[in-house]
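**Q** The lines below spell out each chain.
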Amino acid sequence: MRKLTYSQAISEATVQCMEADPSIVLAGQSVDDHKGVYGTTGDAFARFGSARVMDIPNGENAFAGIAVGAASMGLRPLVVHTRDDFMFLAMDGIFNLAAKWRYMYGNRGSAPVVMRGIIGRGWGQGATHSQSLQSLFGHFPGLYVATPASPADAKGLLISALRADTPVILLENRGLYGLEGEVPEEPVAVPFGKGRIARAGDDITIVAASLMVHEAERAAEVLAGHGVSAEVVDVRSIRPLDDAMICESVAKTGHLVVADTSWARYGFSAEVAAVVAENVPQALRAPVRRVTPPDCPAPVSWPLENAFNPGAETITRACLETLRAAQDSVPEIEDVMAGFIGPY
Amino acid sequence: MRKLTYSQAISEATVQCMEADPSIVLAGQSVDDHKGVYGTTGDAFARFGSARVMDIPNGENAFAGIAVGAASMGLRPLVVHTRDDFMFLAMDGIFNLAAKWRYMYGNRGSAPVVMRGIIGRGWGQGATHSQSLQSLFGHFPGLYVATPASPADAKGLLISALRADTPVILLENRGLYGLEGEVPEEPVAVPFGKGRIARAGDDITIVAASLMVHEAERAAEVLAGHGVSAEVVDVRSIRPLDDAMICESVAKTGHLVVADTSWARYGFSAEVAAVVAENVPQALRAPVRRVTPPDCPAPVSWPLENAFNPGAETITRACLETLRAAQDSVPEIEDVMAGFIGPY
Amino acid sequence: MEPRQLLRNMVRIRCAEEVIADVYRDEQQMRTPVHFSIGQEATAVGVCAALRREDVVYSGHRCHAHYLAKGGDLRAMVAEFYGRESGCASGRGGSVHLTDQEAGFAASSAILGEMISVATGAAWAFAREGAPRVAATFFGDGASEEGVFHESLNFAALHRLPVIFVCENNQYALGSPVDARQPPGTSITGRARGYGIRAEQVDGNDVQAVYEAAHKAALHCREGNGPYFLELDTYRWREHVGPHWDHELGVRPRDEVESWIERCPIRRTTQALRATDPGIEDAVAAWDREFRAEVREAIALAKASPFPRVEDLLSGTYEN
Amino acid sequence: MEPRQLLRNMVRIRCAEEVIADVYRDEQQMRTPVHFSIGQEATAVGVCAALRREDVVYSGHRCHAHYLAKGGDLRAMVAEFYGRESGCASGRGGSVHLTDQEAGFAASSAILGEMISVATGAAWAFAREGAPRVAATFFGDGASEEGVFHESLNFAALHRLPVIFVCENNQYALGSPVDARQPPGTSITGRARGYGIRAEQVDGNDVQAVYEAAHKAALHCREGNGPYFLELDTYRWREHVGPHWDHELGVRPRDEVESWIERCPIRRTTQALRATDPGIEDAVAAWDREFRAEVREAIALAKASPFPRVEDLLSGTYEN
Ligand SMILES: Cc1ncc(C[n+]2csc(CCOP(=O)(O)OP(=O)(O)O)c2C)c(N)n1
Ligand SMILES: Cc1ncc(C[n+]2csc(CCOP(=O)(O)OP(=O)(O)O)c2C)c(N)n1
Ligand SMILES: [Mg+2]
Ligand SMILES: [Mg+2]
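Residue numbers (our numbering), protein chains in the order written: chain A, 1 to 344; chain B, 1 to 344; chain C, 1 to 320; chain D, 1 to 320.
This is chain A alone, in the form it adopts within the complex (with noise of 0.2 angstroms):
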């Protein structure tokens, strides 16, 4: 099958939704500029020009509302932060509105807008530009939020957002972006709460999500030259999260790792040990660990960023603390983000 980027698939989802239905209208501040908004508004714009790829003024607040109106009144905005961050402005319009209209209002009507949220993980983008905030959305109901960790359900979890009649929240996380990965042509949905098995293995599961699906699959590299057989699953979606999977893998393993980028404390990785723990307890052989950010907010000095992004080093060393197995032979790995060249 025909390879494309991370950023290439979200783009020819966002053309190939846009070609079908006309009332998809991108949005989002500067999603019209030469960037494209890491290359994936720009052929939309290329294609449907400044009435359906719009620039806006700056006011995630009043934004977040307006998509709500408006999808409730039929146009169906796809509305594009280029920092997750930001979405602390917009998170009246998420959770008071756009999560809860259908129900407040007694299922007579659905306001389905779609945002997706970038992490801007790497090159000092610091504590307010890097936050991952997956576990926040997910703690709503009345939200899909997908987190897309290859090319194919970029496009697939964006085709599926599109023809939705829930709200959607995706996140992708920059660091994903110049991945390559198989992507079929055609468009074809990624259903909402349905993970998918990354790489099968026997002996530990690791249960991830975005950009950490890649850590743990380096990791279950590198584990499966200590004899150990990894199993990583990619949630794909955290809401609906696929309780299924997960409990299946782990009562096979009888141990688990959860790797994320957001914060341990009520976080995705809460999520997953406590639907482990809720359902095959008895299964587990071993304390669950959670390999996630420390305990602070992101600091910029690239030692510090590089320590505080947790990645497949760390996971290979909770997955062998797990197992009690020797850990004194784990190599170094690169950081993801390593020989990436500025500004960002």
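Please keep in mind that the hints were generated in silico from the structure rather than gathered at the bench.
Just so you know, not all the hints are guaranteed correct.
[Said to hold, decoys possible] Chain C side only, calculated, beta carbon under 10 angstroms to chain B, not exhaustive:
no. : residue
1   : Arg31
2   : Tyr82
3   : Gly94
4   : Gly130
5   : Gly142
6   : Ala143
7   : Ser144
8   : Gly147
9   : Gly175
10  : Pro184
11  : Gly185
12  : Ile280
13  : Ala283
[Claimed, not checked] In silico EDC-like pairs for lysine to aspartate or glutamate, Cα to Cα no more than 20 angstroms straight-line:
no. : chain 1 : residue 1 : chain 2 : residue 2
14  : A       : Lys194    : B       : Asp295
15  : B       : Lys35     : C       : Glu248
16  : B       : Lys194    : D       : Glu54
17  : A       : Lys35     : D       : Asp233
18  : D       : Lys216    : D       : Asp233
19  : B       : Lys194    : A       : Asp165
20  : B       : Lys35     : C       : Glu297
Being a predicted model, the structure only gives us computed values, none of them experimental.
Just so you know, even glycine gets a beta-carbon here, dropped at the ideal spot from N, CA and C.
Dock chains B, C and D with the ligands against chain A, hints included.
**A** This is chains B, C and D with the ligands only, laid out in the frame that chain A set:
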């Protein structure tokens, strides 16, 4: 000891702290009116007047930043949100400014704002006026988040908050305001991060926060009648969380039910389950149970609202199920809000 | 619309709210907060009279009058207050989440200012469709202080959207008078003009004046000239939330409340019509009886209607 | 402040940014996004020259010039860009979180508009103390569209707080021109006046004019007359973030960029001074050498300084 209601306790703490520390300013929409935020701000207004108990315009977003700016210059704003739901509008200021201020400017100063958020349980407050946002606030490093369940803790934790050099979120459930309890007259601080065994027991642990502590206690009472000895852990603060107390209790009882007014997914109950799965999974003799609202927005119609709000009865059933005991004799337990006279 | 009809619509709203307030207080069976517009009927009636059925209206927490004025189903509203399945939001939303799509009352919500943005979004959709539809949104003097006001007006003006921003300035937000919240010597209308929006301040207790201004506004929007802003000065008689009078609690000065009761929009219109329509007072009295009966009937009906089924608690959270 | 000194301060900022831009691009060792103000030096210098040391300044993402103009430590800033422990934010904050408390540069941050509220809060604290201190906050034309602008100006005006709102209107937000974001025929200054705030629009490339306006503003604040608003028209020469020129990428018209380079605030002041101060060009050339050397030295020093210790990763999250 002398008894106070929960709201009197808050009021007393406020007045005592304001007397001791002239830099404290109490601010919020209509904090100076005749209702005095359910009786929590009127005494302070009577004592200190409008110079220190300040009605503010609507504008939660800016006011969070204003409070941070003032706090970083030596004022100590105590900001009241009459519904924590309004804090969605203040989240940029809370998470991107207050929580990170000290860290992101290299530990050169702090912005110790204190925010009270009231959870509007019951009487058809509905989807946007009764959410419990503890799980969100708990996720972010840099904050303390307290959920006092008793009048004594309402006083003691507010005192700690007003003396801390870290921003603090205090979540109060409106359903607790009328509750009476012993409260020391002197300003005795209750530290963050230390739970409280609200009731000791051996067979099962119920971990709860805020209003659910009372539901758990009522459930424990009923359970006692069934020959079940339940231990109720009141976490008091959810950040930091008293992991040790939770784990010790579960290590003893082997059974865990978590009771919370926020949703299960990525919520408080997930974190408690995760803490156990990380530290004492082998102690679990049955799956963990989460007693929380179902996965939908809060409805208004009272039969639905009753079904939505988890209470003593659900906790009781969950405990008995966890212990695989017969359930047919669980009595109907009245909702804590029964008998309330509107409009609220 | 004829002045007589405007008056009749106001009387209907007044009757509905007064009856509901009494029953609410005495029975404690409508378990949802209620924000009455008693005394403010002219704004709702004047604006909605200038709109067409296909135009849509949004409102905030104080929304009963707007819902009724736009033609919302009274029975469904009352049933909503009683939390019944037959409620306009099937008992899920309560008194602050009214909706009647057929009547063009799109939605109300209880977070201050939200609907300013939502109405702007609806107008955006209309403008894109090229539909000659108008969105109107009611909000208070207090809501105008929220950031969403600024962001929405900027967007609406920039794209010349067909939205009428209707600020009901009833001089208070909760117990807080407007001059304790907004700088002296300024006005909400003045701020709206800062976005290049055509804006007018009108006596909100003069239903005819409101109607005429709204008519002009709707025409302006429909002709593609962009948004319109109306600030309507008025006053709520009762407490912020609930059925009581708050001057009895010392919240607002009794003479202030009374001076506004003097300016009752219903009385005023009745008096104005008396010269040309000598039977008007009898008509009002008859309407009053008719509408009170209608409301009592709606109440009886609601109470006899089933609650939502607990099995349906989750339904409506997601698409099916 | 003397025009000569104003000029010298601008030259220093220009030198710092140009040297840093080159090194940033060539070495890829400053791992933090950078937003240069090259071409906009007059706003920073003119405003800060009118402030006292105890007055405090806030800024946004484009903050280097404001930091330096307020007297912020150049070495600590450069060390921050290199993520060193000796950085002004100990390497935790990066280029968008500058602070120098001794110099009265309180803070900058990268979320649009945030600091408008924070500066208002600082001014609130000053007003309560009765201290004759002023807070000034720089923000862009883009940031003025955020709701926090509206809410903050309302609060500041209501309480007559000593805060100077300085809007650097450089005509763009990212690649988006201001007239694609704000309604035609309106101005940010006009909107500020809607709050009853004294507001002035000034040529932001005329350092003397900026200085005089800011001087008036500071006096106004210090005398308890409430906030002051300055809109300073200017232009950034380089791309939004990073060291490159963006007209080469077709983002903005080359002739537009060139017309603003023609209006370079440094050249302009130099030319204005030439008549009375014939040695001024030599002085500028000498300053240029001096400051470039200073910056290179700061860079060398930063590179030789230690990074924060990984063991200290958590420290500063909470009080100790
Ligand atoms: C975002 C938000 N903040 C605060 C509140 C609490 N609140 C409810 S009504 C109200 C006052 C509203 O005043 P105004 O907009 O003038 O409307 P009125 O009640 O006078 O009709 C406030 C502060 C809210 N509902 N939403
Ligand atoms: C809340 C928020 N939304 C969006 C952004 C992304 N962003 C960074 S700078 C910028 C443009 C800012 O324009 P302006 O305020 O005019 O400042 P300038 O860059 O022109 O100096 C945007 C949209 C942000 N940092 N914060
Ligand atoms: Mg009002
Ligand atoms: Mg700009």
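**Q** Each hint: holds or not?
**A** Evaluation of the provided hints:
no., hint, verdict
1, Arg31, "4 angstroms, holds"
2, Tyr82, "8 angstroms, holds"
3, Gly94, "3 angstroms, holds"
4, Gly130, "33 angstroms, violated"
5, Gly142, "5 angstroms, holds"
6, Ala143, "7 angstroms, holds"
7, Ser144, "8 angstroms, holds"
8, Gly147, "5 angstroms, holds"
9, Gly175, "3 angstroms, holds"
10, Pro184, "13 angstroms, violated"
11, Gly185, "16 angstroms, violated"
12, Ile280, "35 angstroms, violated"
13, Ala283, "34 angstroms, violated"
14, A:Lys194 to B:Asp295, "18 angstroms, holds"
15, B:Lys35 to C:Glu248, "13 angstroms, holds"
16, B:Lys194 to D:Glu54, "41 angstroms, violated"
17, A:Lys35 to D:Asp233, "26 angstroms, violated"
18, D:Lys216 to D:Asp233, "18 angstroms, holds"
19, B:Lys194 to A:Asp165, "45 angstroms, violated"
20, B:Lys35 to C:Glu297, "35 angstroms, violated"
Violated hints for the displayed structure, listed by number in ascending order: 4, 10, 11, 12, 13, 16, 17, 19 and 20.
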